[in-house]
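**Student:** In this text, residue positions in the sequence shown follow this note's numbering: the first is 10, and each later residue adds one.
None of these hints come from the bench; they were simulated from the model.
Note that beta-carbon positions come from the ideal geometry of N, C-alpha and C, so glycine has one too.
Please note: incorrect hints may appear among the correct ones.
Unchecked claim - Straight line, CA to CA, 30 Å or less: simulated DSS-like cross-link-like pairs of lysine-lysine:
| no. | residue 1 | residue 2 |
| --- | --- | --- |
| 1 | 48 | 160 |
| 2 | 173 | 160 |
| 3 | 48 | 162 |
| 4 | 173 | 92 |
| 5 | 92 | 160 |
| 6 | 92 | 162 |
| 7 | 48 | 173 |
| 8 | 92 | 48 |
| 9 | 173 | 162 |
What the hints assert, rightly or not - Label-pair restraints from in silico Cβ distances:
| no. | residue 1 | residue 2 | range |
| --- | --- | --- | --- |
| 10 | 140 | 37 | 51 to 57 Å |
| 11 | 22 | 124 | 33 to 39 Å |
| 12 | 126 | 49 | 25 to 31 Å |
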Amino acid sequence: MISNRSRSTCAAGFTLIELMVGIAVLAILLTVAVPSLQKIIRDNRVTAQANELVAMANLARNEAVRRGINRFSDEQALLRLDKNIEGADGWSGNVSLADGVTAEGCPTGVIRCASNEDVEIEWNSNDTELVLSFMDRGDLEDRRTAVICFKHKGSCEGSRQHRKITIFPSGIVETNSPRTDPLACDEACVE
């Protein structure tokens with residue numbers, strides 16, 4: 010029979026050695042998890058910005074179809090992209106209509122705007138601005154194919170840190186990653 014006296018002398022909790030082992034295991038787990046988390050964040054940043062551009066292109070195309078914009082009308086449904094935003098590394102874009110409809114936080118005549126950093130954008134022309142005009146059938150006015158590449162600025166680890174977006178003359182938007190298109194963009198990222 011155990012007396013009450015011996016029960017009260019038993020230690021409750023962890024010993025110093027157990028705490029040190031627990032902290033060491035936690036430190037090892039964090040050294041593995043933190044770099045992986047940073048890579049996931051970079052991958053998701055590129056994916057999110059590519060998806061945002063696809064949504065903007067689809068919005069401009071849908072507005073052109075909905076409004077019946079053709080070569081002879083005064084209206085335009087434009088997707089405008091800029092490579093540099095006030096000297097920072099990144100890109101900005103907007104979808105604009107000539108009738109003055111405006112979204113909250115955007116300039117007059119712009120129904121959707123975005124400004125993004127840490128991801129470089131390039132396209133198949135040497136201009137710092139890319140303007141695509143959609144027509145009433147959803148096709149591009151100048152009947153050219155626009156190829157846009159997103160590349161993460163910073164660490165070059167990981168294969169998902171770039172995306173290629175192709176906007177065909179028909180207005181259809183296609184997105185490729187390195188897994189589906191090994192020639193998606195020249196470099197995985199830019200340092």
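**Student:** Work down the list of hints and note, for each, if the structure agrees.
**Tutor:** The hints, checked one at a time:
1. 48 x 160: holds (14 Å)
2. 173 x 160: The given pair, whose Cα atoms are some 9 Å apart, holds under the 30 Å limit.
3. 48 x 162: holds (12 Å)
4. 173 x 92: holds (15 Å)
5. 92 x 160: holds (12 Å)
6. 92 x 162: At roughly 13 Å apart (the allowed maximum being 30 Å), residue 162 and residue 92 satisfy the hint.
7. 48 x 173: holds (19 Å)
8. 92 x 48: holds (24 Å)
9. 173 x 162: holds (15 Å)
10. 140 x 37: 51 to 57 Å: holds (52 Å)
11. 22 x 124: 33 to 39 Å: Given range 33 to 39 Å: violated, Cβ gap about 52 Å.
12. 126 x 49: 25 to 31 Å: For residue 126 and residue 49 the Cβ distance comes to about 18 Å; the hint is violated.
The structure fails hints 11, 12 (numbered hints given earlier, in ascending order).
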